[in-house]
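Could you put together the complete structure from these sequences and hints?
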Amino acid sequence: MSLTLTLHTEPEVPLEAEALKPERFEGMTAAQIAAVAVLYGNQEAPLGDFFRVAGEPDGELCIRGDATRVKMIGAGMTRGRIVVEGNAGMHLGAAMSGGEIFVAGNAGDWVGAEMSGGSIVVKGNAGHLLGSAARGGRVGIRGGEIIVHGNAGNEIGSGMRRGLVAVAGDSGDFTGVNMLAGTVVVLGRLGWRTGAGMKRGSIVSCHPAELLPTFSYACTYRPVSLRLVFGHLRARGLPVAQEHFAARYHRWSGDGIESNRGEVLLLAA
Amino acid sequence: MLIDDVVIVDTFAEAFAMWGARVLITAENEKWALAAARSMTGFATSVIGCKCEAGIERAVPAAETPDGRPGMAVLLFTTSEDGLAKRLVERVGQCVMTCPTTACYNALASENTVVVGGSLRYFGDGFQASKLLDSRRFWRVPVMDGEFVVEERFGVQPAVGGGNLLLLGEDVAPTLAAAEAAAAAMRTVPGVILPFPDGVVRSGSKVGSRYKSVIASTNDAYCPTLRAVATASQLPEEVGCVLEIVIDGLDLAAVEEAMRRGLAAAPRSGLRQISAGNYGGNLGQYKIALRDLLPGARREG
Numbered sequence: 001m002s003l004t005l006t007l008h009t010e011p012e013v014p015l016e017a018e019a020l021k022p023e024r025f026e027g028m029t030a031a032q033i034a035a036v037a038v039l040y041g042n043q044e045a046p047l048g049d050f051f052r053v054a055g056e057p058d059g060e061l062c063i064r065g066d067a068t069r070v071k072m073i074g075a076g077m078t079r080g081r082i083v084v085e086g087n088a089g090m091h092l093g094a095a096m097s098g099g100e101i102f103v104a105g106n107a108g109d110w111v112g113a114e115m116s117g118g119s120i121v122v123k124g125n126a127g128h129l130l131g132s133a134a135r136g137g138r139v140g141i142r143g144g145e146i147i148v149h150g151n152a153g154n155e156i157g158s159g160m161r162r163g164l165v166a167v168a169g170d171s172g173d174f175t176g177v178n179m180l181a182g183t184v185v186v187l188g189r190l191g192w193r194t195g196a197g198m199k200r201g202s203i204v205s206c207h208p209a210e211l212l213p214t215f216s217y218a219c220t221y222r223p224v225s226l227r228l229v230f231g232h233l234r235a236r237g238l239p240v241a242q243e244h245f246a247a248r249y250h251r252w253s254g255d256g257i258e259s260n261r262g263e264v265l266l267l268a269a
Numbered sequence: 001m002l003i004d005d006v007v008i009v010d011t012f013a014e015a016f017a018m019w020g021a022r023v024l025i026t027a028e029n030e031k032w033a034l035a036a037a038r039s040m041t042g043f044a045t046s047v048i049g050c051k052c053e054a055g056i057e058r059a060v061p062a063a064e065t066p067d068g069r070p071g072m073a074v075l076l077f078t079t080s081e082d083g084l085a086k087r088l089v090e091r092v093g094q095c096v097m098t099c100p101t102t103a104c105y106n107a108l109a110s111e112n113t114v115v116v117g118g119s120l121r122y123f124g125d126g127f128q129a130s131k132l133l134d135s136r137r138f139w140r141v142p143v144m145d146g147e148f149v150v151e152e153r154f155g156v157q158p159a160v161g162g163g164n165l166l167l168l169g170e171d172v173a174p175t176l177a178a179a180e181a182a183a184a185a186m187r188t189v190p191g192v193i194l195p196f197p198d199g200v201v202r203s204g205s206k207v208g209s210r211y212k213s214v215i216a217s218t219n220d221a222y223c224p225t226l227r228a229v230a231t232a233s234q235l236p237e238e239v240g241c242v243l244e245i246v247i248d249g250l251d252l253a254a255v256e257e258a259m260r261r262g263l264a265a266a267p268r269s270g271l272r273q274i275s276a277g278n279y280g281g282n283l284g285q286y287k288i289a290l291r292d293l294l295p296g297a298r299r300e301g
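Residue numbers (the numbering used here), protein chains in the order written: chain A, 1 to 269; chain B, 1 to 301.
To be clear, the hints were calculated from the coordinates, so they are not data collected in a lab. Ideal Cβ positions, reconstructed from N, Cα and C, are used throughout, including at glycine. Possibly wrong hints are sitting among the right ones.
[Said to hold, decoys possible] Label pairs and their computed distance ranges (CB to CB):
#, chain 1, residue 1, chain 2, residue 2, range
1, A, Glu243, B, Tyr122, 53 to 61 Å
2, B, Asn112, A, Arg138, 32 to 40 Å
3, B, Pro142, A, Arg234, 25 to 33 Å
4, B, Asp251, A, Gly98, 33 to 41 Å
5, B, Val207, A, Arg234, 48 to 56 Å
6, B, Asp251, A, Glu243, 36 to 44 Å
7, B, Ala216, A, Arg234, 49 to 57 Å
Following this line, the structure appears as structure tokens:
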């Protein structure tokens, strides 16, 4: 049986648990794992105060219970797999460079912020700043991929440098703001000010959107590369409609206040 | 050995170590994928004069291609890994990128790879962009019908070139029919191509010539018109036409299987012998004996 942590006491204030990653527990006994320190509010506390430990460390970590207030699950992880059977708190997989994270429920803000590799799948909704740069930082996700089956909040892909962020539902405002490269796909609707300040990269939506006046219409065509991206996402379980593969897309170039080398592809009616 | 009264000569085909690649060309429809594949495999019959040997391996259904469009798998062979990289860049650049609606992908999983799209991207003059999916980088080069998508690196692997069968018939018609049937059977083998026109070559060659500057010259031992003057004619009196089928494959087993199927499909009335071309075993790295391909063949006498 893989290592399983079951939440028995829900924290009243956020629990910062950067230790929750498979590699941290390699070779440890259940008692040792329960004694690992986490930050509860502004004080250290043993992991066992909140989680019941079962199973053996084998590279996979299963977290049970509503971990909405558990922050930094999988942050900085380099390998292994985490399965969150409920919800996950903020900073899930932040700065991770490898491995996989699967969340059956919802995830908070800053999912995969500044990650450089690996993959994160959220079956529910995700908060703001998915795959983004930290405040004060200029570069967001540098590699890997984040797939959200529900909706996502504002500023997803902020400062994105490389990689793939995909949302099956809608995204909030400032999708791909200050993007440097990479790909953001939103099968639903985009919020306001998509791609503001973007230098390069692709933002795709399967709905119309009103863009900033600093974006210029280029053409309406059938991008072959989008077929590859959609095929990749469908293979990962995202429900991309068949008609979207071969559809025509309006291509907008922007942001004109930057290098104007980015693109926004919007499904043509 | 005999198959349907056709003599299978107890000899061997001498094949050579080569390098091979498999390229998948997709397009808006099969017509344009085929157009690009034909263009890419044109003038690619022999490394002697064309620097590479190439052919269409098979049509690939849309459901099996990365972009969900119909495709053509092309195999390309050269004598060196470096040469293969150069030929791929030339031919993908000149024959696939130029063809309307096409895209071009690597279709050979190999530890050895060469840069193709990574070189062709410069045609984009700075407007090119790429997508990285599953550790595969795809370049998007802006072209006049939209974008040309080409994979950055293509797999290459050691391969086998120059497997062959010589079909010796009484006249052109039965020999041609035998060659067509054999070629059709050989094409059913995955991983092989027949680089000559529709798979068949009539100008078989020997190494060297009486002219110093000519590295290969007509195979006089198999030319019917030279039976009386050639020093070592291999043709029985009743043979009036010889056609050859050359096989290149991604591995030796594929070449052998193609030769086996060709041997089984060719025999018919008017065909007298099936033989194979070799250089005495002194040049090629592989010897494919015809008798080993036909364990169930009838013994003469």
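To see whether the hints hold, each was checked on the structure:
1. A:Glu243 <-> B:Tyr122: 53 to 61 Å: Once the Cβ atoms are compared, 35 Å apart, the range 53 to 61 Å for B:Tyr122 and A:Glu243 is violated.
2. B:Asn112 <-> A:Arg138: 32 to 40 Å: 38 Å, holds
3. B:Pro142 <-> A:Arg234: 25 to 33 Å: Cβ of B:Pro142 to Cβ of A:Arg234: about 26 Å, so the range 25 to 33 Å holds.
4. B:Asp251 <-> A:Gly98: 33 to 41 Å: 34 Å Cβ-Cβ, so the 33 to 41 Å window holds.
5. B:Val207 <-> A:Arg234: 48 to 56 Å: 54 Å Cβ-Cβ, so the 48 to 56 Å window holds.
6. B:Asp251 <-> A:Glu243: 36 to 44 Å: This hint holds: roughly 41 Å between Cβ atoms.
7. B:Ala216 <-> A:Arg234: 49 to 57 Å: 51 Å, holds
The structure fails hint 1 only (numbered hints given earlier).
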